[in-house]
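Colleague: The lines below spell out each chain.
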Amino acid sequence: MTADPPATDPPLVTELLLLPDGRILVQNLTPVMAAVLLQLNPGEEAIRRRVAGPQNPPKTP
Amino acid sequence: MIAPATTRPARASVNAALARAMLAQCRFCAHDCAANRLAGPAGRCHAGADTRFFCAQVEVTDELELIPTYAIAFSGCDLRCAFCITGAESWNAGTGESLDAADICARATAALDRGARTVMILGGEPTVHLHAALDLVSRLPSNARLVWKTNAHGSRQARDLLDGMFDVWLADYKFGNDTCAQALARIPGYTSVARENLRWAAGHGELIVRHLLMPGHLECCWRPVAEWLAAELPGVKTNLRDGFWPAWQSRRQAELRGTVPPAESKSAFALARQLGLNLIP
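Same order as they appear, the protein sequences are chains A and B.
Read left to right, the first sequence gives residues 1 to 61 (the numbering used here).
Read left to right, the second sequence gives residues 1 to 281 (the numbering used here).
What the hints contain is simulated information worked out from the structure, not anything from laboratory work.
Please note that the accuracy of each hint is not assured.
Claimed, not checked - With beta-carbon atoms standing in for the labels, derived distance ranges:
1) Arg186/B - Gln27/A: 21 to 27 Å
2) Gln27/A - Arg199/B: 28 to 34 Å
3) Asp21/A - Ala5/B: 50 to 56 Å
4) Gln274/B - Arg48/A: 26 to 32 Å
5) Ala106/B - Glu15/A: 25 to 31 Å
6) Gly235/B - Asp9/A: 38 to 44 Å
7) Val32/A - Ala102/B: 25 to 31 Å
8) Ala5/B - Leu18/A: 47 to 53 Å
9) Pro9/B - Glu15/A: 20 to 26 Å
10) Asp21/A - Gly276/B: 15 to 21 Å
11) Ile24/A - Glu206/B: 29 to 35 Å
12) Ala5/B - Arg48/A: 40 to 46 Å
13) His204/B - Gln27/A: 25 to 31 Å
14) Leu18/B - Asp21/A: 50 to 56 Å
Being a predicted model, the structure only gives us computed values, none of them experimental.
The beta-carbon is built from N, C-alpha and C at its ideal position, and this holds for glycine as well.
Extracted from the complex, chain A is given alone in its bound form:
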């Protein structure tokens, strides 16, 4: 089933909490922000698995 996407999309929202020890906690992580966080920290496995992986192949727009 295919639907026409609505004309305007609301702004995306992600919340980050930066901890003094360098950890970053994330709420409402969007794919775009996940990609940004992975670029900032390519070694972060938890984010990498949320950007792309066997269960989550990269999406085409």
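Use these hints to put chain B onto chain A, whose structure you have.
Modeller: Chain B alone, transformed into the frame defined by chain A:
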């Protein structure tokens, strides 16, 4: 003679109408207020018949097997968790935007077409807006994988209406005892209600249990939760989350003013492994 509704959207449409009528004496959650929500905001959740939402977007925060998900978060909740990450929206059903079911379902369907694997309905607590949630189900593609993200504080009446409507129940088991539940979320009799919901969900589809590890609550909350899951729901998918963040009114509780110490997190995961829990990322 009226033909029985056989498809999920058709059954959801019927159940949505029933749920809306039941708002006249709302018993959707275990608070059992019997408030007339058709007359306006009422009951412990302070919600009326109108449904508002504060977030609807594709997210990748949740369990790997569910993401990307199109997450629709309703305003309002029947619990009052001091540490709620969305406290302002969850404690106030009047926040956010008015729900346009046709529009939000068009967005969700478009997201599915672009690669989202699931549609997740959450809150706040979606049980508060059962009539609206079922209306969404009636409008979404019948083959969409739907996730019901809940605090597991719903009533039998709510469960009856939800039976067969969602593919996955993503249910919180927040507190390991009634004392912590009352102190941190103002919920009387929490344990028996949560367990009743979890048992039911395990027998009516796919269940994923979530526990948010709270600082200082390893022994009083996580241990009893983990031991119960191991004994009563062996093999159930469990997501132990250690990313507690001291949001909203966490400062009311001294132990909730910080994050989970790494040593506590390590002990929590060790306990899960020791008990043989089926942890999923």
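Colleague: Hint by hint, note whether the structure agrees.
Modeller: Hint-by-hint comparison with the structure:
1. Look at Arg186/B against Gln27/A: about 23 Å separates their beta carbons, and that is inside 21 to 27 Å.
2. For Gln27/A and Arg199/B, the Cβ-Cβ distance of about 29 Å falls inside the hinted range of 28 to 34 Å, so the restraint holds.
3. About 54 Å separates the C-beta atoms of Asp21/A and Ala5/B, a value consistent with the hinted range of 50 to 56 Å.
4. For Gln274/B paired with Arg48/A, a C-beta distance near 28 Å keeps the hint of 26 to 32 Å intact.
5. Range check, Ala106/B to Glu15/A: about 26 Å between beta-carbon atoms, so the 25 to 31 Å window is met.
6. At roughly 40 Å, the beta-carbon separation of Gly235/B and Asp9/A lies within the given 38 to 44 Å, and the hint holds.
7. Between Val32/A and Ala102/B the CB atoms are about 26 Å apart, so this pair conforms to the stated range of 25 to 31 Å.
8. The hinted range of 47 to 53 Å is satisfied by Ala5/B and Leu18/A, whose Cβ atoms lie roughly 50 Å apart.
9. For the hinted restraint 20 to 26 Å between Pro9/B and Glu15/A, the CB-CB distance of approximately 33 Å leaves it violated.
10. The hint said 15 to 21 Å for the Cβ distance between Asp21/A and Gly276/B, and at roughly 31 Å that hint is violated.
11. Separated by about 30 Å at the C-beta atoms, Ile24/A and Glu206/B satisfy the suggested range of 29 to 35 Å.
12. At roughly 44 Å, the beta-carbon separation of Ala5/B and Arg48/A lies within the given 40 to 46 Å, and the hint holds.
13. For His204/B paired with Gln27/A, a C-beta distance near 29 Å keeps the hint of 25 to 31 Å intact.
14. Range check, Leu18/B to Asp21/A: about 51 Å between beta-carbon atoms, so the 50 to 56 Å window is met.
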